[in-house]
Amino acid sequence: MAEERAELRQRRLTLPASAEAIAGLEPGNVVYLDGVVYTAREGVYQKVVVEREALPVADLASVSNANFHCSPAAAPDGKGGYVIGGVTATASFRFSKYLADWLDLTGTRIVIGKGGMGAKDYKEVLAPRGAIYLTTVGYGTGALLGRGVKAVESVHWLKELGIAQAMWFFRVENFGPFLVDSDTAGNSLFQRQGELVNAGIEALYAGLKPPALRRYGETDDRRDELL
Amino acid sequence: MIAHEQVETAAYEIMKKAAIDIPEDYLGGVKGMIDLETGDLSSFVLKSMVDNWEAATEDRRPMCADTGLPRYYVKVGNEARVAGGFCGVEEALRSATARATHDVPLRPNRVHPLWRTEHNNNVGINAPEIEWSFEPDVDWIDVTTVHKGGLFGTDYRMLFPGDGIDGIKRVFLDTLIAFGKRGLACQPAIVGVGVGGSKDICMTLGKQAACLRVVGDANPDPRIAALEQELKELGNRIGMGAMGFVGSSMVVDCHVEVGYTHTGGMPVSVHTFCLSSRRATARLHADGRTTYRTDPKWFTPYMRRETIGWPRSEPSSASAG
Chain R
1 MAEERAELRQ RRLTLPASAE AIAGLEPGNV VYLDGVVYTA REGVYQKVVV
51 EREALPVADL ASVSNANFHC SPAAAPDGKG GYVIGGVTAT ASFRFSKYLA
101 DWLDLTGTRI VIGKGGMGAK DYKEVLAPRG AIYLTTVGYG TGALLGRGVK
151 AVESVHWLKE LGIAQAMWFF RVENFGPFLV DSDTAGNSLF QRQGELVNAG
201 IEALYAGLKP PALRRYGETD DRRDELL
Chain C
1 MIAHEQVETA AYEIMKKAAI DIPEDYLGGV KGMIDLETGD LSSFVLKSMV
51 DNWEAATEDR RPMCADTGLP RYYVKVGNEA RVAGGFCGVE EALRSATARA
101 THDVPLRPNR VHPLWRTEHN NNVGINAPEI EWSFEPDVDW IDVTTVHKGG
151 LFGTDYRMLF PGDGIDGIKR VFLDTLIAFG KRGLACQPAI VGVGVGGSKD
201 ICMTLGKQAA CLRVVGDANP DPRIAALEQE LKELGNRIGM GAMGFVGSSM
251 VVDCHVEVGY THTGGMPVSV HTFCLSSRRA TARLHADGRT TYRTDPKWFT
301 PYMRRETIGW PRSEPSSASA G
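First to last, the protein sequences are chains R and C. Residue numbers are given in the numbering used here: position 89 of the first sequence equals residue 89, and the series is strictly consecutive. Residue numbers are given in the numbering used here: position 86 of the second sequence equals residue 86, and the series is strictly consecutive.
Excised from the complex, chain C in its bound form (with noise of 0.2 Å):
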């Protein structure tokens, strides 16, 4: 059984960890930007992000100040059991949040739309957003937050399938230059495109894809993984760098995942993340322990499934006849 406080103190200790510590695949991702960037000027954005993230690191203190939307994605084992339950869970994270908003502190983002009002604690309605994903013959829950800011790089379009592979490489130059531009969009970051599913589950798994995968990572679908490797080079050819200077540095890594979808059309998210791409995530054992790590493991192939069922491993117990 997990303990609610667990719950409340690991996503607590992530809070912190997104805002201050740069991860590692992302550091490491623009370190080799910088080996290949011939702008001087996007040269010089980028060693200075590497002293801002070596400096928040030794302060303990906000890589960025904009906290953006910090939010959650939990992943739950089958087999995890929680004292509380799961509003408990949401409880505890939205405790988490405030608290984690004074202690470190982060920047009160959260208002209401139109109002205005705030809480100066990032919690409010519908937030911190919460998203919920499942994972078979396990007995753990990871939770993940995210920091990403909210204003700029992100555009969303229904293609149709006529439009093709070019259509999607529209989208992207258009997302990736608009946005490029005084380098509104905190580039080089990671991007994400989702394609497929319903409008919003378009939005989502671009969002996803951006947010909760390392540099590094490929789609399991080979002619999917080609098709980011061919979205992040053309991305990086644009001729624009960090804050729009004259540069290569546009994409540290692209990510796609799709999502089954109305035999008419072809809807096209893309989502940059951020020079501060802020991620963390704690795994909460059963036994008591709590486990850190920078990458979300998020889409696992129970995730990416495409048939109705899943196979189930059968207990050793219960095989023997």
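Here chain R stands alone, though its shape is the one from the complex (with noise of 0.2 Å):
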């Protein structure tokens, strides 16, 4: 299958990415990123999805279209700058509302994040914007990704929003590795993956006797995703 000879196979990519270069990722390809990434997450969104603030930056997609939902390891280095040692994503599928405006808003084009977003998220959200979705490694693989990160360019709205929540630009070089989650057509790594496993799961419970009390407001489809 074309689809299963795709994963682990490595690919590097310039920031600001082109379409074709995104449109030419699958599911499972090891992405190696170049140029420069911007960090957004509740609340960067908060300010620009919900309250309409100003990016702080002119023509954002022309200096990237790659968004990191990540909270640096970073300090002051004295010097007017900034130490960042880990760097490491959270996870994406907290910010699935926000993500249609902001995509819409910015141009970004990838998002970068840890655990991928919900198949609805890439079809309705994602796919049809020409955006994909990587995902870090492991997770997350802190001192690789902190490795790649070469200067910081720029923090924005540091002081409303701490170290964790602000908008940094990192310039990043061979920056990896990140897994392909989500392709310009919606397929999802995850979510393929996940099937595999689902088919195995019933046998597991197989011959165990329910539990004395039950619990509201719980699914028992195990097959279930809980996002």
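Mixed in with the good hints, there may be bad ones.
[Claimed, not checked] Pairs of lysine to aspartate or glutamate, EDC-like flavour, derived with a Cα cap of 16 Å:
1) R:209 / C:217
2) R:79 / R:153
3) C:16 / C:103
4) R:159 / C:166
5) C:297 / C:135
6) C:16 / C:58
7) R:150 / R:77
8) R:150 / C:59
9) R:79 / C:103
10) C:297 / C:174
11) C:16 / C:59
12) C:232 / C:135
13) R:209 / C:174
14) R:97 / R:77
15) C:232 / C:174
If you are wondering where the hints come from, they were derived from the structure by calculation, not from laboratory data.
With the hints as a guide, bring both chains together as one complex.
Written as structure tokens, this is what we have:
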């Protein structure tokens, strides 16, 4: 199967990435990035998407089109800059509600984070805009990604949002590894792998008696995801 | 007498070591799993993690940027004396947390739960948590720090005696499957299971089992040790590996700790540590030396005692009569 062969094939991408380069990626490809990536999570989304504040950088898409769901381990270096230690993603599914507007407002076409997003987000939000999702590996390869950050280009809203939520611009080189979760058709590696795992789950419970006391508000179908 | 500064310096050092250096027992456990892993993607993830741990140690940078919730476990020898007393120890641990947060650097994760305000130093109300235990007949203090991720991979449930081992297996499978999807639990991990106690202590025991016992360690009760082994194998039979990809690498080791509980109940908690398994221990000796290790040696026979008393060792000079 062509799909299976795509897994673990290495790709290197320069940011901002062209629509063609993005469309060439397939679920399971291992990706390394060069250029600039910016962080944005709920603090930044709240400002830009909900409160409609202007982006701190004019023509963001010409600088980069990669949004990293990340809070770096960063500290002031005493010389006006920052020391970046480890770099790790945070779970992306929580940001689902902001993404359509965010992609439209910023031109983000590569979303990088932990654990991917729901199939619906890929089909209805990312894919129609030519956007893909890259997941960090592990999680997470904080030291490897930290090595890939060559400089902090700028940081915005640091006072208001704190180190974890501020908008950081990183100059990166050979920044990775990441795995392609969703492609521009909305296919998802996590979904495909999850279905394979699900096939064996019922058998694990065979013969185990049900609990004496049940609980409200939960699923008993273990094929479900809890996102 | 142990000096206040000795506590602060040791706590600062273990904060750094925990953040940067993967414990050997866990590294060995994961390398063993790579040899058995047949899932290509899961295997790729584990090899990337090994590369990451090497990079962390080489560069002296954190393995993971999510500092989790840095916290402490302190075991105090019954004969130990510390300058400034134990409030002084707590102050030293808070100071070391703030200093290491800035210097390593660690991500300042701690915020007020309601107002989301922070001090950018991982210190605040009830943070870092400091848990205390005691050890008879010794004059040292062990300080362990654990930086465990805080969001996924833990669950608690009140079961009943009739639910039996089947019930424990269900909660165990439910937790690993629920949080193992997409690898939110950061597996393969050391999994701790707390059984019994009051509800809060059930959580505490399971958490300590995951974070304070090393790979390869077995509970001294042979029947509990057998349950640990059975749960480990069950977890690795789910068919899920690293990041929730097809594979067999889910549980690096399983540790069960128990506490006497209500006659009508059997509370169970399950906790997954993570792919960084950040823990480091310092022993503060009475003569001013500090030694470092990665095995917290938290669950001593004294901790697991079942009786009212504990046999006291008599000082040799007093036993002559």
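For each hint, the structure was consulted:
{"no.": "1", "hint": "R:209 / C:217", "verdict": "30 Å, violated"}
{"no.": "2", "hint": "R:79 / R:153", "verdict": "14 Å, holds"}
{"no.": "3", "hint": "C:16 / C:103", "verdict": "9 Å, holds"}
{"no.": "4", "hint": "R:159 / C:166", "verdict": "52 Å, violated"}
{"no.": "5", "hint": "C:297 / C:135", "verdict": "11 Å, holds"}
{"no.": "6", "hint": "C:16 / C:58", "verdict": "14 Å, holds"}
{"no.": "7", "hint": "R:150 / R:77", "verdict": "14 Å, holds"}
{"no.": "8", "hint": "R:150 / C:59", "verdict": "14 Å, holds"}
{"no.": "9", "hint": "R:79 / C:103", "verdict": "14 Å, holds"}
{"no.": "10", "hint": "C:297 / C:174", "verdict": "29 Å, violated"}
{"no.": "11", "hint": "C:16 / C:59", "verdict": "13 Å, holds"}
{"no.": "12", "hint": "C:232 / C:135", "verdict": "30 Å, violated"}
{"no.": "13", "hint": "R:209 / C:174", "verdict": "14 Å, holds"}
{"no.": "14", "hint": "R:97 / R:77", "verdict": "35 Å, violated"}
{"no.": "15", "hint": "C:232 / C:174", "verdict": "14 Å, holds"}
In summary, the numbered hints that this structure violates are 1, 4, 10, 12 and 14.
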